[in-house]
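*Asks:* Starting from the known structure of chain A, arrange chain B on it as the hints suggest.
2 protein chains.
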Amino acid sequence: MMFERAAIIGLGLIGGSIARALKGRGLAREVVGAGNSLAPLEGARREGVIDRVENDPAAVVKGADLVILATPLARLGPLLEALWPVVDGEALLTDVGSVKGPLVRLADRLALSRPLGFIGGHPMAGSEKRGFFASRADLFEGTLTILTPGAATIPGTVKRARALWEGIGSRVVECSPEEHDRIVAAVSHLPHLVAYALAAAVASLDEALLGYAAGGFKDTTRIAASPAALWREIFELNRGPLIEMVARYRAELDRLEGYIATRDWDGLEQALEAIRRQREHLR
Amino acid sequence: MMFERAAIIGLGLIGGSIARALKGRGLAREVVGAGNSLAPLEGARREGVIDRVENDPAAVVKGADLVILATPLARLGPLLEALWPVVDGEALLTDVGSVKGPLVRLADRLALSRPLGFIGGHPMAGSEKRGFFASRADLFEGTLTILTPGAATIPGTVKRARALWEGIGSRVVECSPEEHDRIVAAVSHLPHLVAYALAAAVASLDEALLGYAAGGFKDTTRIAASPAALWREIFELNRGPLIEMVARYRAELDRLEGYIATRDWDGLEQALEAIRRQREHLR
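Protein sequences, first through last, are from chains A and B. 1 is the number of the first residue of the first sequence in the working numbering; add one for each residue after it. 1 is the number of the first residue of the second sequence in the working numbering; add one for each residue after it.
No copy is singled out in the list; a pair is fine if it fits within one copy or between any two copies.
Derived EDC-like pairs (lysine to aspartate or glutamate); straight-line CA-CA distance at most 20 Å:
#, residue 1, residue 2
1, LYS218, GLU273
2, LYS159, GLU174
3, LYS218, ASP206
4, LYS129, GLU273
5, LYS218, GLU280
6, LYS129, GLU280
7, LYS62, GLU90
Honestly, the hints are just simulated from the structure, not real lab data.
Okay, chain A solo, but in the shape it has when bound:
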């Protein structure tokens, strides 16, 4: 038994799937949960995924040797600050947010007054579906989880968090919160921003037959159908790295458009071929 009592705050797709995986693999004797919505909590209890639910996060973390924050991104900071004084001193405390810098810097500050076994985590187990009722015990199998130790991370915490994520089927890599945030700005946040801009540009056209022809385009911009409130939070929390990536991207778009504007077709073809080859190297 890896944990005696695991407390999960937020029972959406990720929190619910962690609860199922911990139970299913016998990694936690008891799984307790807190969340804002009644339906997931009741559903989780009925299914035996959660042993006990509470409305109050502070009540649920008491006596837990594993605490996982799995709420929407914007709530993670306030929650970390509120729970820091009440989490058990020996507990492993982690989160699943998709932006890491601000939260890890906050934890580093909180650790000045009370050292705790906190480490930031990001399971890259996205899904089109959302919410507890889409959660699955095997959600993390074959996925990648990035752990982001901060300046105040206690020795041993990385190892415990690694055992947790590997225990539920994920591969684990470590990097700084800053490197993490630059990577997700590049491979996730910028592509989402670009998809929104593409969808907006096309929707602004006034062609009678546009709707007929837009089938494949809807695949291309599918990620622009994601909830606006979620992406507002992500763009807000990862503002700096995202703005840097947008600048890099603009430079590349300028370069490619330059070949087209100046009719340098050989230059364009060489550039496209070089990009195709570089992209292949991203495994």
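*Replies:* Quick look at chain B alone, frame taken from chain A:
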């Protein structure tokens, strides 16, 4: 029997699939073909998809009452010009290129000296796979084909071309070559250009863990793996409409980035939500 002799120039994915569909549905008594590569021609003859092959396009179109140009985009113009004097006066002459303006304007000029039953066509039946050996008799089922009549299009030609495409399973809509080119610039060419720029921007990053995290990103930029020579041709032939769409797109990207730069998070969320709703209306 819709056609006595169908001549197909270029036996790649599209040309090969048209040949299979015509044979399979008994729409042409005889299907003859010409192409640059020996392997597809021999393969098509062995399989009985093509009754007779020639190396010379001019030889194959003689006596055909249907002529379909299905070569790479850059060869369509020269080929149309070369074949115009030798195509049978009563034949239906069409093409499958993904840019229509330049070819239809060329046909309008050629028709001044010799009126012919030409109409531009674009079956939107893309596939990751390419070449004759990926061709299928059912490739066009459930797809959309856009027909683009020009100033010189002879009455009745639209109707004959519609019967051809509907006969092999496609839905058909008509619009001007100019509208067509604006639509494909929007829903296909701009997204490809953007995917190339995205892939280039990310490849320019120097993060050690980038490769691990780039799984989903590779889906996003999959279209940047398309052959550079093909996209050079498309961008070249559709330069004007593409540059206009890039300008629209830049305006939207500027607007979204503006919200982020000025930290107008409510404005950003409203804009993202409006885009999500607009996009839903593109069927």
